[in-house]
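The listed protein sequences correspond, in order, to chains A and B. With the working numbering applied, the first sequence covers 1 to 300. With the working numbering applied, the second sequence covers 301 to 470.
Heads up, a few of these hints could be off.
To be verified - Cross-link-like lysine-lysine pairs, in silico, PhoX-like; alpha carbons within 25 Å at most:
1. 450(B) with 364(B)
2. 209(A) with 357(B)
3. 364(B) with 437(B)
4. 58(A) with 191(A)
5. 450(B) with 151(A)
6. 191(A) with 450(B)
7. 128(A) with 58(A)
8. 36(A) with 461(B)
9. 412(B) with 461(B)
10. 33(A) with 437(B)
11. 383(B) with 36(A)
Bear in mind the hints are in silico, worked out from the structure with no lab data behind them.
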Amino acid sequence: MEDNYLAKWLNNELSEEELAVFKKTDEYASYVKILKASDNLVAPEYDMEQALEDLRNKRTSKVIKMNPVRRLMQVAAVVALLLTGTYFYINSLGETVATQYAENKEVVLPDASEVILNADSEISYNDKGWDEKRNVSLEGEAFFRVAKGKKFTVTTDLGEIQVLGTQFNVEQRKNYFEVSCFEGLVSVSYKDQEIKLPAGTSFLVINNKIINAESPTTAEPSWMHNESSFKSIPLTYVLDELQRQYNLEVNTKGIDINLLFTGSFSNTDLDVALRSISASSKIKFKLEENKVLFYAENAP
Amino acid sequence: MNSINKNNVCEEEVFSHLFTTNSKTVFNYIYYKFGNQEKAYDAVQEAFVKLWENCEKVTPEKAKSYVYTVANNLYLNVIKAEKVRLKHSKDLNDRSNESPEFLMEEKEYKEKLDRALDSLPENQRVTFLLNRIDGKKYAEIAEMEGVSVKAIEKRMHLALKALRAQIEGI
Numbered sequence: 001m002e003d004n005y006l007a008k009w010l011n012n013e014l015s016e017e018e019l020a021v022f023k024k025t026d027e028y029a030s031y032v033k034i035l036k037a038s039d040n041l042v043a044p045e046y047d048m049e050q051a052l053e054d055l056r057n058k059r060t061s062k063v064i065k066m067n068p069v070r071r072l073m074q075v076a077a078v079v080a081l082l083l084t085g086t087y088f089y090i091n092s093l094g095e096t097v098a099t100q101y102a103e104n105k106e107v108v109l110p111d112a113s114e115v116i117l118n119a120d121s122e123i124s125y126n127d128k129g130w131d132e133k134r135n136v137s138l139e140g141e142a143f144f145r146v147a148k149g150k151k152f153t154v155t156t157d158l159g160e161i162q163v164l165g166t167q168f169n170v171e172q173r174k175n176y177f178e179v180s181c182f183e184g185l186v187s188v189s190y191k192d193q194e195i196k197l198p199a200g201t202s203f204l205v206i207n208n209k210i211i212n213a214e215s216p217t218t219a220e221p222s223w224m225h226n227e228s229s230f231k232s233i234p235l236t237y238v239l240d241e242l243q244r245q246y247n248l249e250v251n252t253k254g255i256d257i258n259l260l261f262t263g264s265f266s267n268t269d270l271d272v273a274l275r276s277i278s279a280s281s282k283i284k285f286k287l288e289e290n291k292v293l294f295y296a297e298n299a300p
Numbered sequence: 301m302n303s304i305n306k307n308n309v310c311e312e313e314v315f316s317h318l319f320t321t322n323s324k325t326v327f328n329y330i331y332y333k334f335g336n337q338e339k340a341y342d343a344v345q346e347a348f349v350k351l352w353e354n355c356e357k358v359t360p361e362k363a364k365s366y367v368y369t370v371a372n373n374l375y376l377n378v379i380k381a382e383k384v385r386l387k388h389s390k391d392l393n394d395r396s397n398e399s400p401e402f403l404m405e406e407k408e409y410k411e412k413l414d415r416a417l418d419s420l421p422e423n424q425r426v427t428f429l430l431n432r433i434d435g436k437k438y439a440e441i442a443e444m445e446g447v448s449v450k451a452i453e454k455r456m457h458l459a460l461k462a463l464r465a466q467i468e469g470i
């Protein structure tokens, strides 16, 4: 008998001789019986109409063309919405927590999951229906300790992160998107890619380019211990972070802000922080009140 | 420029067609894998939301495998397979002239088949059920699973052998 003859038999691909041989074997009757019984099997119920409607409700992010009847219904829906508007307005807003420059905040979500917000960051989520849908939108940077349970989703402008229960850090800044997983497994959707991050790995995108990121070696991101650390990150992002941590105006003169920076700075002692940055990137700085200027060493 | 472009997934008509022709199989596919209806339903929704969001980039020809890839990746390594429960459709046929012994025996056989299906490795079960219940050709299953047709033939062959061994206690 040839390879995989059972599969070939099912597909009527056996030659007449092969089939005749197969029919004479003891096993033939057994297989016929299995097939007969399995032909009665049915998959679980699936309501296509309902599924399509659910889907239409979900993909609201793009404009959907409507035919006149649906448009009319939409008008009716708007009228109905106006009547009950105030009620829904209050409820659909959900909760928003934001931090300013030089500020961190800890947020406990309805299921006891924790979010620690770094400076100049914001999360919003819906208190109601939290148990069905654990969905948080984030701008900025935050560390998540997710309680075990249903799918937990973090949405940012640059990508989406999904987990069941784990610890991870998300940083989404201008043209910068980094996810580091500290425990469990997270799934990152970036453009049309899905990336699985096991504990101890990171995913980093700078200016739409996926960078081979250094993996976290600590149990928590360093900023939670008042230190901002970087591994081969363009200086411009380091300076942005400094600005956020100290509420400063940061300017540069004659230095290449795309040079890669590796090192860390304190989030509590400005003087030490400025020295850390200038020492490892061989530049000088001048601090005047709320403004700091970084300039090239050999510049006048 | 405003005429309907049949080659664009962003067109409502094209998108709905893709949904109605494929979503049931995506649902079954994920269900055969993990045995969880709720997750299978979520996977379908998720996969098609992604398709919609990326409708400019995905061509209608690529849409099908795109949806399977997204649905598949969603639970990769994240959830544990549960018991796959399938119904037997023809239970209600007119059986008035069958003897009670025969019916009893048949019921026992079905139970054995259920248990045997459940004990199959996930990839063999998925292949077997997609072929038997959904009538999918090996080539189609190969596309969903992202493997060769030969690999699917192998899974099918092994699935049948394992089912027989399990049912007959070999």
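These are the hints, each one checked on the structure:
Proximity of residue 450(B) to residue 364(B) is assessed by CA-CA distance (about 21 Å); at most 25 Å being required, the pair is judged to hold. Note on residue 209(A) and residue 357(B): the hinted pairing holds, with a Cα-Cα distance of about 18 Å set against a maximum of 25 Å. Between residue 364(B) and residue 437(B), the direct Cα distance comes to roughly 15 Å. Compliance with the 25 Å bound is thereby established for this hinted pair. The straight-line distance between the Cα atoms of residue 58(A) and residue 191(A) is roughly 18 Å, inside the 25 Å bound, and the hint therefore holds.
Under the criterion of a C-alpha separation no larger than 25 Å, the hint pairing residue 450(B) with residue 151(A) is inconsistent with the structure, at around 36 Å. Note on residue 191(A) and residue 450(B): the hinted pairing is violated, with a Cα-Cα distance of about 32 Å set against a maximum of 25 Å. Restraint check for residue 128(A) and residue 58(A): the C-alpha separation of about 17 Å stays at or below 25 Å, so the hint holds. In summary, the hint linking residue 36(A) to residue 461(B) is supported, as the alpha carbons are separated by about 15 Å, within the 25 Å threshold.
A threshold of 25 Å between alpha carbons decides the hint, and for residue 412(B) with residue 461(B) the separation of about 14 Å falls inside it, so the pair holds. Note on residue 33(A) and residue 437(B): the hinted pairing holds, with a Cα-Cα distance of about 21 Å set against a maximum of 25 Å. Straight-line distance between C-alpha atoms of residue 383(B) and residue 36(A) comes to about 22 Å, which keeps the hinted pair within the 25 Å bound.
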